[in-house]
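Visitor: Full structure from sequences and hints, please.
Position one of the sequence shown corresponds to residue 15 (the numbering used here), numbered consecutively onward.
I should point out that these hints are in silico values taken from the structure, not numbers from a laboratory.
Each hint can be trusted.
Label-pair ranges, simulated between beta-carbon atoms: (1) P78 <-> T138: 41 to 47 angstroms; (2) S185 <-> Q86: 18 to 24 angstroms; (3) E324 <-> R60: 38 to 44 angstroms; (4) N181 <-> T66: 31 to 37 angstroms; (5) R60 <-> P287: 32 to 38 angstroms; (6) D57 <-> P78: 22 to 28 angstroms.
Lysine-lysine pairs mimicking DSBU-like chemistry, simulated, CA-CA at most 35 angstroms apart: (7) K318 <-> K184; (8) K67 <-> K306; (9) K123 <-> K184.
Ideal Cβ positions, reconstructed from N, Cα and C, are used throughout, including at glycine.
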Amino acid sequence: MKHTLLVWCLLFTFAAAAQEPPQETPTFRTGVAEVRVDVQVNDGKRNVQGLTKDDFLLYDNGRPVTVQHFSQSAEPLDIVLLFDISGSMRPKVQEAISTAGAALGELRKGDRVAVWTFHDRTRTLQTFTTDLHAVQTILEWDLLSTYYGGGTMIQDAADGVARFFINQPKSDRRRAVLVISDDDGERTMKDKELLDHYWQANALLAELIIPDPPGVEDFRRYNRQTERGTLKAVIEKTGGEALVADQEGGAGAGFQRMMQGIRQRYALYYPMPQGKPGEYHEIKLDLTKEAKKRIPNARVLSSKGYMLPEN
Numbered sequence: 015m016k017h018t019l020l021v022w023c024l025l026f027t028f029a030a031a032a033q034e035p036p037q038e039t040p041t042f043r044t045g046v047a048e049v050r051v052d053v054q055v056n057d058g059k060r061n062v063q064g065l066t067k068d069d070f071l072l073y074d075n076g077r078p079v080t081v082q083h084f085s086q087s088a089e090p091l092d093i094v095l096l097f098d099i100s101g102s103m104r105p106k107v108q109e110a111i112s113t114a115g116a117a118l119g120e121l122r123k124g125d126r127v128a129v130w131t132f133h134d135r136t137r138t139l140q141t142f143t144t145d146l147h148a149v150q151t152i153l154e155w156d157l158l159s160t161y162y163g164g165g166t167m168i169q170d171a172a173d174g175v176a177r178f179f180i181n182q183p184k185s186d187r188r189r190a191v192l193v194i195s196d197d198d199g200e201r202t203m204k205d206k207e208l209l210d211h212y213w214q215a216n217a218l219l220a221e222l223i224i225p226d227p228p229g230v231e232d233f234r235r236y237n238r239q240t241e242r243g244t245l246k247a248v249i250e251k252t253g254g255e256a257l258v259a260d261q262e263g264g265a266g267a268g269f270q271r272m273m274q275g276i277r278q279r280y281a282l283y284y285p286m287p288q289g290k291p292g293e294y295h296e297i298k299l300d301l302t303k304e305a306k307k308r309i310p311n312a313r314v315l316s317s318k319g320y321m322l323p324e325n
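Guide: In C-alpha cells:
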C-alpha cells in the first residue's frame with residue numbers, strides 16, 4: 015500500500031512538472047567572457063516578440079560573429095528612474111507617474127528599481143529594491159512632495175548613474191537608466207565622455223521627453239547663456255530610445271510604453287574577442303533579409319559598441 019502511494023505521488027509530481035511552461039533561462043558557459051547585446055525590435059506600433067537568434071546578423075569590428083546564447087526578457091533587470099525636478103517639471107512628472115502602477119507592472123519578479131532625482135544636484139530618493147509597491151509609493155508621494163527648482167544638469171545626472179553602475183560588482187543583471195525630463199539642460203560634458211561611461215557600465219540609456227508648451231522652450235533657449243545639453247546622441251549609441259510623450263498619447267502612456275520597451279528585450283551573447291583593456295569595439299546588428307520580409311517596418315535598437323573590460 016505504501017509502495018503504491020509512493021508511486022502515485024511520484025507520477026503526480028512528474029505530471030505537474032510536465033504541465034509547467036518551460037522557463038526562458040539562458041545558458042552560460044562558466045569561465046568564458048562573453049559580450050551581451052541587448053536589442054529591442056519594434057514594427058512602428060509595438061515590440062516584436064518571438065524572434066530567434068537566426069533572425070539576427072551581428073558584427074564585431076566588422077567581423078561576423080556567431081551568437082552562442084540567446085534569450086528574451088530572461089535576465090533580471092536593474093533600472094534607475096532618473097527624474098528631472100527642475101522648476102517647470104512638477105506637472106510633467108505628475109502626469110508621467112499617473113500610470114506608475116501600470117508602468118511598474120511591466121516589470122518581473124526579481125527586477126530591482128531605484129529612484130533618483132536631479133536639478134542642480136543629483137539625489138538618490140530610493141536605493142535599489144525589488145518591492146515595486148514601495149517604489150510606487152515613492153513616486154506618488156515622496157517624488158511629488160520634493161522641492162522642484164534650480165537648473166537642469168541632465169548630463170551630469172546621467173553620468174552619475176553610469177559611474178554608480180561602473181562601481182557596482184559585475185553580475186548578469188541587465189542595467190538600464192530611464193530619464194524623465196524635458197531634455198533641455200545645460201551642457202556640462204562631451205557626449206563621448208558620457209558614452210564611454212555607459213559602455214563601461216554596460217548600461218542602456220533611455221529617455222521619456224516631456225516638452226514645454228509651444229513658445230516656452232524657444233523663449234527659454236533664446237535667453238540661455240550656456241550651450242544646450244541633451245542626451246539624444248548618447249541614447250542612440252547605447253541602444254536606447256528617446257520618446258516624446260506627446261507622440262504616445264501623453265506622459266503617462268509614454269512612461270508605461272518606455273518601461274515595456276526596456277523590459278521586453280532580446281539578449282544575444284557571443285565570445286568576447288581578444289584585445290587591450292579599455293579598447294573600443296564597434297557593434298553592428300541587423301535583421302536577416304528573411305526577418306525583414308516578415309517585419310517590413312522593423313526598427314532595431316541596440317548598442318553600437320562596448321569597451322573591453324579592465325579585468
